[in-house]
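Asker: These protein sequences, in sequence, are chains B, F, G, A and U.
Residue numbering for the first sequence follows the numbering used here, beginning at 1135 and increasing consecutively.
Residue numbering for the second sequence follows the numbering used here, beginning at 40 and increasing consecutively.
Residue numbering for the third sequence follows the numbering used here, beginning at 12 and increasing consecutively.
Residue numbering for the fourth sequence follows the numbering used here, beginning at 3 and increasing consecutively.
Residue numbering for the fifth sequence follows the numbering used here, beginning at 15 and increasing consecutively.
A few of these clues could be false.
[To be verified] Taking lysine-lysine and the DSBU-like style, the derived pairs with C-alpha atoms no more than 30 Å apart in a straight line are:
id : chain 1 : residue 1 : chain 2 : residue 2
1  : G       : LYS134    : B       : LYS1136
2  : U       : LYS623    : A       : LYS436
3  : G       : LYS134    : U       : LYS476
4  : U       : LYS157    : A       : LYS436
5  : B       : LYS1136   : U       : LYS623
6  : B       : LYS1219   : G       : LYS134
7  : G       : LYS131    : U       : LYS108
8  : U       : LYS599    : A       : LYS205
9  : G       : LYS134    : A       : LYS443
10 : U       : LYS599    : B       : LYS1136
Just so you know, the hints here were simulated from the structure itself, not pulled from any lab data.
This is what each chain is made of:
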Amino acid sequence: MKKIIVIILLGTLGFYTAHTFFDIGFGFPHFEHGIKDVYLQKTVSDLKVSNTVTSIVVNFRGFDTLGEVTVLFLAVTALGGILYKRRHEVGERSVLFSASSIVTSGSKLLFPAIILLGVYVFIHGHLSPGGGFQGGTIIATGFLLMLLTYENYSVNHTVLSLVESLAGIAFAGIGLLGFMHGGTFLQNFIEPGVLNNLFSGGVIPIIYIMVGFKVGAELTGVIYTVLHEKG
Amino acid sequence: MIYFILISVLVVLIIGAAVYAIRQKDLLYAVIATGIISLILSILFYMLQAPDVALTEAAIGVALTTIIFIITIRNTVRFEDERDKKDKFKSAVK
Amino acid sequence: MNNTYFDLLDYMIYGTAILIILIGLYGALVKKSLIKIVIGLSVVDSGVNLLIVAIGYLKGGTAPIFSPGYLANPIKMVDPVPQALVLTAIVIGFGVTAVALALVIRLYRHHGTLNIDEIKDLKW
Amino acid sequence: MVGTPVLFIVIPLLAAFLIPLLGMLWKELVRIVPGLVLAYMLVLSVNLLNHVLIYGPIVEVIAGWRPPLGINLVFSAFSGFLVTLVVFMGLLIWVYSYRFKRNVDFEPAKKYFLLLMMLITGSVGIILTGDIFNMFVFIEITGISGYALTAFYTGRDSAEASFKYLMLGSIASTFLLLAIMIIYSQVGTLNMADIASKMHTIKPVYKIISFIFFITAIGIEAEIFPLNGWAPDAYTEAPGPVGAAFAGIVVKASVYAIVRYVYTIFDLSGAYDFLILIGLITLIMAETAAIRQERLKRMLAYSSIGQMGLVMVAFGMGTEEGVFAALFMILNHAIIKSLLFFSGSYLVYNSKHKYIKEVNGMSKYLPITSLLFALGAFAIVGLPPFAGFWSKLSMLTAAADSNMLFIIALVLIVSVVELVYYLRVVNRIYFFNKEEKTEPKKPTFNALIVMITLGALILVIGFYPDAITGILHKASADLMDKGQYIHDVLSLNK
Amino acid sequence: MNYIILVVFLGGALLTFFAGKINNVLQDILFLASILVPASLFFAYVHAGNIFNLTLGGIHLSLGINAMSWLFALIVLGLGSMAAFYSVSFMKGKERRGYFYFNFILTIMAMTGILMSRDLVSFFIFWEIMTWSSYLMTVYNGKDVQTVGIKYFVFSAIGAYAMLMAIVVIHSINGSFMIEDLVRSFPEMPVNMQILIPVLLLTGFGVKAAIMPLHVWAPGAYSNAPMAYTSIFSGALSKMGIYGMVIVMVSLLSYVPEGYWFREVIAWMGGITAVIGTLWAIKQDDAKKLLAYSSIAQLGYIIVGIGIGTPLAMMAGLFLAVVHALFKGTLFLAVGAIERQTGTSNFREVTGLIRKMPWTFVASLISIISLAGIPPMGGFVGKWMLYESLLTSNHYLLVIVIFFSSTAAFLYCYKFLFGFFLGQEEKEWANVKEAPVLMVVPMLILSFFSFLLGTYPGIILKPIDAGMQYLGYGITQNHLWQTSVIFNTWGNQVVLQPLLYSIIAIFLFFLIFLTIKSFKQTRYVTTKDISSSGEVPKEHENLTFSVDFMQPFMRAVEPVMRRQIDKYYTGLANGLEALFDFMRKIYTGNGQTYAIYVIVFVVILLLFKDILF
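Work the whole structure out from these sequences, hints included.
Answerer: The following block contains the structure:
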C-alpha cells in the first residue's frame, strides 16, 4: 500500500520534473547574456587561467568554495561529535583486519604514486582538469589504501588537524589579503602571468593548493574517524 | 553512432545499477552498486565534457563514499531485513 | 550521425537523471533499513549531479579548458558554471552522507536495530 | 565604518579553523574564542546597521567581480536587522551555554562551541548572501551544524531526531538544487538581483515549478506544516540552548530566505496568498499539536512552529504593515521563545524525558527561573504590557487593513489554544506540589544573566516599543522596495 | 496627571512586592499608600479636561477622563480603598502576600486605566492587564487552577480577543484608534460592520459582566479568589464590562437603526441571566458560590437597565451598578471575615454567629436588605427605578422576569443571613471572635453608604446624571427623577421615608427579637441531636436548618436548572482536545513518513499549481 502511494507520488513528481526539463531542452544554449560567457572570456583575458571551472570555483565563486570546505570541515567535526564515546564505552571490535603481504607491499608501492598524482592534480588545477578537490580526494584515497591494508597504520591526528586548520586559515587569509590589497575579499591580487604557464593565474593556484591540502586532510579525517569507530 | 550506443549502454547500466542498489537485500552488494553508479556517472560526466566533475565523482563517489558505507555496514548489520536473515540462517542450520 | 538519435539522447540524459532521482527517493521513502535510506539519498544526489551537468551541456561543445596547442573557442564550450556547482554539490553531498552514516552507527548502538519503523521513540 | 559584511563570514571561519589548534594550546580557548567572535560580530553588525540606516545598503563584492559575475553580500536595513538579531541571540546562547557544558568532556565541548558558532555563521550567511547557490552552501553549513548539535547528547534519542532532520534536510537540498538549476537554465545567472530583473523573461511554468521546489526545500528548514516533522524531535533532543538557537536563529534565516524569494526574486502574485495559506495551516496544526504534549520542550517546539506560521501569515499579506508586523513578531519570538527554552530547560534540568509534569512546584526552588518562564509565557501569548502584545496588535492591524477578517478570527482562536497550554504549565510551576523524583537545579550565574537580559528586553519592548519600531519600519520598507534592491546590487553605488 | 496616577500605581505595586522581602509592616503601609495616594490624587487633580497624549509604537494613545468614567472611577477607587484596608488585616499571616498586593494594586491600576482610556488600544492594554492580574488572583489559592482558573482566563481571552478583533477592524475602517472617532464615524459605517463591531465588543464586555451564555467562569472565579479581592472582582471589575457596554449601547448603537434589536436582545439576555443566576444562587451551600451567582443575577439587572436604554432605565442601571458595588462588596468582605474567623464559608457548617460577630452581622444585614431591594436601602431605589423604566417602556414580560428573580432572591438572602448568623449556636464555633477592626470598619462604611443611598439617592444620581449627559442624554436635572410615581421629590430627600422606616424597623425588630427569644426558650441542643422525630439521624447527616430548606422550590425549577450550560462548554472543550490529540498523531515519529509528507506536499503543489500561483 505504502509502496503504491509512494510510486504514484513519485510518478507525479517525476512527470512534472521530466516535463520541465524536457521542455527546457538538452544540448543547446538556453539563454543569452548569461554569466558563463563573461566567465569564459575573463578567465583567459583577466585571470590567465586555462581551466574555466577552476577559475569559477576558486575566483568567481570562490566564496562557495570557502563554504564548501567549511562544510567538509564541519562534517569531520560532526563525525567526531556524533561518534564520540567516553573511554570506558569503547568496545573491542574493530572493522580492520590485516591484509595479505601482496596487498601490503603493493599498497606500499602505490601509496607514494597516488599521493604524487594527487599533488600533481591540484598543482595543475588551473591548467588541466582537476584541482584542489580532485587532488585532495586522490590523496585521501591514498591514505584510505594505507589505512585499509595496515591494521595498525595510523595518521597522526594532530598533524591532520594542523594541516586542515592551516590550509583553511591560509585560504581565508589569502582572501583577507586580497581584501587588503584590492578592496574585496578573495581578490586576485597577484599579477596573473601568462596563460598556460604553471605559475599563472595569480592567487588561484595557491588557493587551490590550499583547498587540496584541506580537502585531503578533511577526507582523510572522515575516513580515519569512521574507520576507527569500534563497535 | 557509437557515441550514442555507448551512452545508451551506460544509461541502461546506471539505471540497472540504481534499481539493483535499491532492491538488493544484501547491503554490501547494494553499496557496491552505488559505487558502480558513481563510476558510470563519472564516465557520463566525462562524455558530457565535464572532466573536472568526472574526476571528483570518480574519487569521491567510487572510492570514499563506498568505503564509508562499507565501514558502516561492518559496524552494524549486513542485511536489510535483520530478522529475516537471522531466521533464514537458523533454518539453514536446522 | 542521425538527428533522431540526438533527439533521443536529449531525453535520455535528463530521463536517466530524473529516473535515478526517483529510484533513489523510492529507496529513501520505502526501504526500512537506515543504510538503505542513506544509499537512496546518495543515489538521489548522483541523479541531481547528472542533471545539473546535463543542463550545462552543449552539443558538440568542448570542455571549458583553454589548453595550449588546441584552438579553443569560447562559444563552442559547454557551460562551466553548472560544473563548478556540481563540484561543490558533490563534496557537500559526501559530507552529508558521512554524517548520516555516523548517525546510523549511533542509532544502531542505541537501538540495536536499523529498522526505521522501530526507531520512533520521539513522536506526536 | 568598522568593517564590511564579508567579515561576518570570514572571521568565524578563520576562528573555526583556528579553534582545533587553539584547543591544543589551552582548552578554555575553545569555549572563549567563539564567544569573542560572536561579540565581535555583534559589534560589527550594530555598527553596520547604524551605518546602513543612515546611508543606505552596503553591497559587498567578493573576488572583485561585479554582482552578476561574482558573489555578493547585501547588508541592507532588512537583512542587517535580521543579522543583528541573529548574532545577538547567538551571543546570548553562547553566554548561556558557557558553563552549561562543564560536566561534558572536553572533546564534545570543543565541538559544541565550534558547531554553535558555525550554525550562527551559516544563518548569517543565508541572510546576507545575494546569490542563490551561495545560499544553498550556507543552508548546508547550517544544516550540518544543526545535525551535529542535535545529536550532541549521546545518552538520549538525539541521534534519531538528528537522522530525521538529516533525511529531510537532504531531500531539501535535492529540491533546492533542482530549483536553482531550473532558474539558471533560463536566465544564466545565479545572482538574486539579476534573476529578479530577468524574472519576467522566464516562462511561467518554469517559474512556478522552481518556486515550488524552492518553497519545499526552504520550507523544510522553516518548519512549514507538512515539512516540519523533524522540528519537534530536534528541538526536544538537542541541548536546551540549541533548541533556542533553532527557534531564534535557524528558522529566522530560513524564513528570511522564503521571504526573499517571494518578495524579491519571484514575481508570482499567488505566492503571497500561498504564504498565508501555508502559514495558517502551520499555525493551526502546530498549536493544536502543542496542547496535548507531555514533554515541555516538545510543547515549546510546536509553539515555536506555530509562531513561525503566524510570521508567515504576516509576510503573506504583502503590505508594508504586514512585513513590519512579521519582523516585529520575528524579533519578539526570538527573544521570548529563547527565554522560554532557557528557563524551561532549567525547570526540567535533571529529567530524562522532560515531562511537563516535572515542572510541578518548581517556583519554590527556582523562583527567578519560574518567574521568567511565566513572563515569557505571558509575553508569547500576547498579553499586554509585554513585548508580544505589540507585535500581535500590529499583525492584526495589518490583517484588518488587508480585509482579512477570517484570518484575524482564526489567529485569535488559535491564540486561545496557545494561552491554554502555556497557562497550564505556568499553573503547574506555581500551584502544584513538587513531584518526588525531580531534582531542581539552580541556574548558573551566566544562564541567569542571559535569562534576566531577555526578560528585561521583553519588558522594555513591552513598555517602550518605539525602541525598536524605527528600525523595523526601515527594514520593512527596504524589503518592499524590490527595484531599489536590484538597483543597489547591480549598479553598485558603494 | 493622568499618567502619574498610573505610574504611582505601578511603582507602588512593584515596591510593595519587593518590600515583602524586608518587612511585613512596611509592605502593608506601602500597599495602602499605593492605593490611597493615587486614589486621592485622582479625586483631587483629575478633571474632565486633562488629556495626556502619548505615541507608543506608532500608535496614538490618549488618557483622559469624562463624567461617565468618573462615576465608575468612584466605584473602583472607593471600593478599592475600602477593600485595601480590609486586605491588610485579611492578609495578615498568610503566604504570598507580595503576590496578592501586587495583583491587587495592578487590578486597581488597570481599572483606572480603562476608565481613563480615550483610545481603544490603551483600553485594551489595561483590559488585559486587568484580566491577567485578576486571573492571578483567581488562582491565588492554588485550588482548581487547571479548571477554574483556566476557564476564567479562556473566557476572558475569548472576550478580549473578540474585542481586539473589533479594535483592529475599527482601525482598518477609521484609520484611528480613538473612541471619539469611532463614535463619530459609526453611523456611516457599512451595515455589516455596524453589526459585527457591536457584537464583538459586546462579547468582550459580556464576558466580564458575566452575561448569560458567557457567565460560566464567574462562580468558580469569584469563589476561588481571596474574598478581600472578590469584593473588587464582583463589585468593581465586573462593572468594567458594564462600562464598556454603556459605551457600546449608548454611544454606538443608539445612532443606528439596528441598535434597537441589539438593545432588546441584550436586555433579554440580562433578564435571563438574572433569573438563572438567582436560581443557582439559591441552590448553593457555600456562601462564596451563593454570592457569586447572586452577582451574576445582579449584573443581569444592570444589563437589563442598560439594554433598555431609556433615560430612566439607564439611570436605574447605573444606580444599581453603584449600589451593587456597595452591597456585594460588603457581603464578600463579610464572608471573608467569617471564613477567616471560622475557617469555612459553608452554611452547613457555620451557624449562629450573630453574637460572636455582631458587627459583621450588622453590615451583612444592611447589605442583604439592600440586595433584596427592600427599602430603605439603596437597592430598593435602584430596583424601583428599573421597574418603573421597564413599565414605561412597555417591557411587561421583562418586568415579570425581573420580578420573579427578585422575589426568588429573597430565598437566598434569607439563607445567607440565617445560615451564618442566626440559627442554633454550636459548640464548634463557641470561640469565634469578631473580625479585626480593620476588617469591620470598611464593611460598616460600605454598608453605611448603601443605607445612605437609600435615603439620599441624589448623592449619586447627580454624577450619574452628569455621566448620562456626557453620553448624550438630554438635560435631565430634575424631571427624570420625578417620573418616579411614589417618590416624586427624589433628589435630596424622600418624603415617604419616615413611613418606610417605621415599617422596616418594626419588621426588623420582630425578626431579631423573635430569633433571639427563640434561643432563650428552646432547649439548647446540637444540630445532630433531634430526639423529637421517630428516626435517629445518622452521624454524617447534616441537619442544619439552612440545608435544603427550599427543597420544594428547587424541585419546581429543576427542569430549568438541569440544562447547565457549563456542561456544554466542558463537552466542547473535551471534544476539541480529543480532536487535537488525534490530529497530532500526524507526527508519527517515523522519519520516512515525514519524508513522504514532503513529497506529498510537492506533488499537491504541482497538481494545483495553476490554482495556487
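Asker: Compare the structure with each hint and give your call.
Answerer: Against the structure, the hints come out as follows:
1. Taken as a hint, the G:LYS134 and B:LYS1136 pair is honoured in the structure, with Cα atoms around 20 Å apart against an allowance of 30 Å.
2. For the suggested pair U:LYS623 and A:LYS436, the alpha carbons sit about 54 Å apart, so the restraint of at most 30 Å is broken.
3. Simply put, G:LYS134 and U:LYS476 have alpha-carbon atoms about 66 Å apart, too far for the 30 Å limit, and the pair is violated.
4. With a C-alpha separation of about 15 Å, the suggested pairing of U:LYS157 with A:LYS436 holds against the 30 Å cut-off.
5. Between B:LYS1136 and U:LYS623, the direct Cα distance comes to roughly 25 Å. Compliance with the 30 Å bound is thereby established for this hinted pair.
6. In summary, the hint linking B:LYS1219 to G:LYS134 is supported, as the alpha carbons are separated by about 26 Å, within the 30 Å threshold.
7. For the given pair, G:LYS131 sits about 49 Å from U:LYS108 by alpha-carbon distance, which is inconsistent with the 30 Å threshold.
8. In summary, the hint linking U:LYS599 to A:LYS205 is not supported, as the alpha carbons are separated by about 40 Å, beyond the 30 Å threshold.
9. Pair hint G:LYS134 plus A:LYS443 holds up; C-alpha atoms about 27 Å apart against a cutoff of 30 Å.
10. Restraint check for U:LYS599 and B:LYS1136: the C-alpha separation of about 18 Å stays at or below 30 Å, so the hint holds.
Hint compliance for this structure: hints 2, 3, 7 and 8 are broken, all remaining hints hold.
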